[in-house]
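Here is what each chain is made of, one letter per residue.
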Amino acid sequence: MNSFIIAGREFRTLFLSPLAWTLLGVSQLILAYMFLTQIDYYLSIQPKLIGIAGAPGVADLVVAPLFGNAAVILLLITPLLTMRVISDERRNKTISLLFSAPINMSDIVIGKFLAIYAFLLLILGLIVLMPLSLLTVGELDNGKFLACILALALLMAAFSALGLYMSAISPQPTVAAVASFGALLLLWIIDWAGSNSGNSSELFAYISLMRHYENLLRGLVNSSDLLYFILFIASFLILSIRRLDNDRLQK
Amino acid sequence: MSRLIEVNNLSRWFGEHCAVDNLSFSLNKGEVLGFLGPNGAGKSTTMKMICGNLAPSLGEVKIGGYDIIEQPKLAKAELGFLAETPPLYPDLTVDEFLIYCAKLHGLRKASINKALNHSKEKCGLADMGKRLINNLSKGYQQRIGIAQAILHNPSVIILDEPTVGLDPIQILEIRQLIAELGQQHSVILSTHILPEVQQSCSRVQIIHHGKLVLNESTEGLSRRMSSSSLLLRTAQPADLAMLNNISHIHSIDELASNHYRVHHDQGINLAETLAKLVVNNAWGLLELSPEKHDMEHIFLSITQSTNNHE
Chain A
1013 MNSFIIAGRE FRTLFLSPLA WTLLGVSQLI LAYMFLTQID YYLSIQPKLI
1063 GIAGAPGVAD LVVAPLFGNA AVILLLITPL LTMRVISDER RNKTISLLFS
1113 APINMSDIVI GKFLAIYAFL LLILGLIVLM PLSLLTVGEL DNGKFLACIL
1163 ALALLMAAFS ALGLYMSAIS PQPTVAAVAS FGALLLLWII DWAGSNSGNS
1213 SELFAYISLM RHYENLLRGL VNSSDLLYFI LFIASFLILS IRRLDNDRLQ
1263 K
Chain B
227 MSRLIEVNNL SRWFGEHCAV DNLSFSLNKG EVLGFLGPNG AGKSTTMKMI
277 CGNLAPSLGE VKIGGYDIIE QPKLAKAELG FLAETPPLYP DLTVDEFLIY
327 CAKLHGLRKA SINKALNHSK EKCGLADMGK RLINNLSKGY QQRIGIAQAI
377 LHNPSVIILD EPTVGLDPIQ ILEIRQLIAE LGQQHSVILS THILPEVQQS
427 CSRVQIIHHG KLVLNESTEG LSRRMSSSSL LLRTAQPADL AMLNNISHIH
477 SIDELASNHY RVHHDQGINL AETLAKLVVN NAWGLLELSP EKHDMEHIFL
527 SITQSTNNHE
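Just so you know, the protein sequences line up as chains A and B, in that order. This note's numbering puts the first sequence at residues 1013 to 1263. This note's numbering puts the second sequence at residues 227 to 536.
Incorrect hints may have been included.
As the list claims (entries may be wrong) - Within a straight-line C-alpha distance of at most 27 Å, the following computed DSS-like cross-link-like pairs (lysine-lysine) qualify:
1) B:K329 / B:K288
2) B:K348 / B:K255
3) B:K299 / B:K364
4) A:K1105 / B:K288
5) B:K364 / B:K340
6) B:K299 / B:K329
7) B:K348 / A:K1105
8) B:K299 / B:K356
9) B:K329 / A:K1105
10) B:K356 / A:K1105
11) B:K299 / A:K1105
12) B:K329 / B:K356
13) B:K335 / B:K356
14) B:K437 / B:K255
15) B:K335 / B:K348
16) A:K1105 / B:K364
17) B:K255 / B:K329
18) B:K348 / B:K364
Simulated from the structure, these hints should not be mistaken for laboratory data.
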């Protein structure tokens, strides 16, 4: 209950600054353009596909690449959204308001997380509208489409949890942004090492965010991938709560 | 009388530095406690520990009988805190901010409006509800901070240097407000401005280097401030030897020509004897006044004497 109060204020404050609107506008513009090029590509190869049995459809050739691109764009904008949620409160000393109110640390962290996540879900909603517009002229593989939506929703939650943690440990918002961007990018590409020679590390492959995300995009809803995301989100939320608790114990 | 705040053997270290050293005190209902000390004495650290913003290294804090570490929710519900910098969100309006605070403190929807109007009226913010906090002056921002602290009608209100950065008129208003609050709530007021304590507090504590060096009611403090010297100004030069002969006089300083400070035993008023002597000798009495020790003197003497101990 308390976390909804915090989330509500945070969410509204987001829209009081031009940042939220800019992020919505820019991400939408770029993704729409990418969507258009995918459609264009699909139309150009469509005649060849007709002859092949079991050929990839719109969901594989348009929707999955769109969601893949969306992940990269989110990688860039989520750190900007999460950077100030906790570090700003600490800098402006407004955190004392939360610390002296009768609420738990977990309420604070979950409230902040929900606010960021709600904003990202708004972006997700706008992205989903693009493939939906194709329904007016054709059909979509609903199962694959829903798997893509699930994948992006999980990825957004993972990104915001990590960004939130970085904001909790950073003294300044910009530091938080750089740190979360770096961490996300590293987790994205960590399985690149050795992947060309074919002897890539199993561990790195498991840690990589992209591996699990791409599995889901292909329509493979695997419980191990879901578990990976849930563990990822929960760990960073718990770490953030611990970090806030630590504020009171500072040396 | 019920004890609203109990602080027992509270200590806080920052690394090697001991900010608060074995502090114990308690606060009863309806008291206004002035928490005095020079900069860096440990006032804010103590306040933060009482409000649960900082964990103590040793000792315990109880608010209304609830331990702030073990039952933080119950303890914090009894507490209204204004930190050194008022915790305000600059891009909210006054109403939005106060409603947010009310919700954080678990006020029900039905009672929020009433609480909002009550605290706005008390803090002189009645017409400011729609204004953006960012556009308000420091004085008004301070008032919003206080409004936020009294919003949920807590039994204990803790204000950390609430009059810093205000103009004299605003300071007077805030002091009046604090005195008013003291009638229904218990208030702890931290400050380094002495007259503030004299005007609005019923009890004074002086903290220095993290230690409590004085714990006294304001009346007790006034008694300490009673005079032990007289200022004398005459038209003709006075005969110091004759003055020195009066019993109970320790010494006489000559401040300027024909201007003297006469030190005497405490608790005895020598003004009458002195006046007679001056008139009888026709030195021409121009001024004779008992010298009051103001709080600054006491404050300095207490804090300096503890310095010497170290």
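Verification of the hints:
no. : hint             : result
1   : B:K329 / B:K288  : holds (24 Å)
2   : B:K348 / B:K255  : holds (20 Å)
3   : B:K299 / B:K364  : violated (31 Å)
4   : A:K1105 / B:K288 : holds (24 Å)
5   : B:K364 / B:K340  : holds (26 Å)
6   : B:K299 / B:K329  : holds (14 Å)
7   : B:K348 / A:K1105 : holds (24 Å)
8   : B:K299 / B:K356  : violated (31 Å)
9   : B:K329 / A:K1105 : holds (19 Å)
10  : B:K356 / A:K1105 : holds (23 Å)
11  : B:K299 / A:K1105 : holds (21 Å)
12  : B:K329 / B:K356  : holds (18 Å)
13  : B:K335 / B:K356  : holds (19 Å)
14  : B:K437 / B:K255  : holds (24 Å)
15  : B:K335 / B:K348  : holds (21 Å)
16  : A:K1105 / B:K364 : holds (16 Å)
17  : B:K255 / B:K329  : holds (26 Å)
18  : B:K348 / B:K364  : holds (18 Å)
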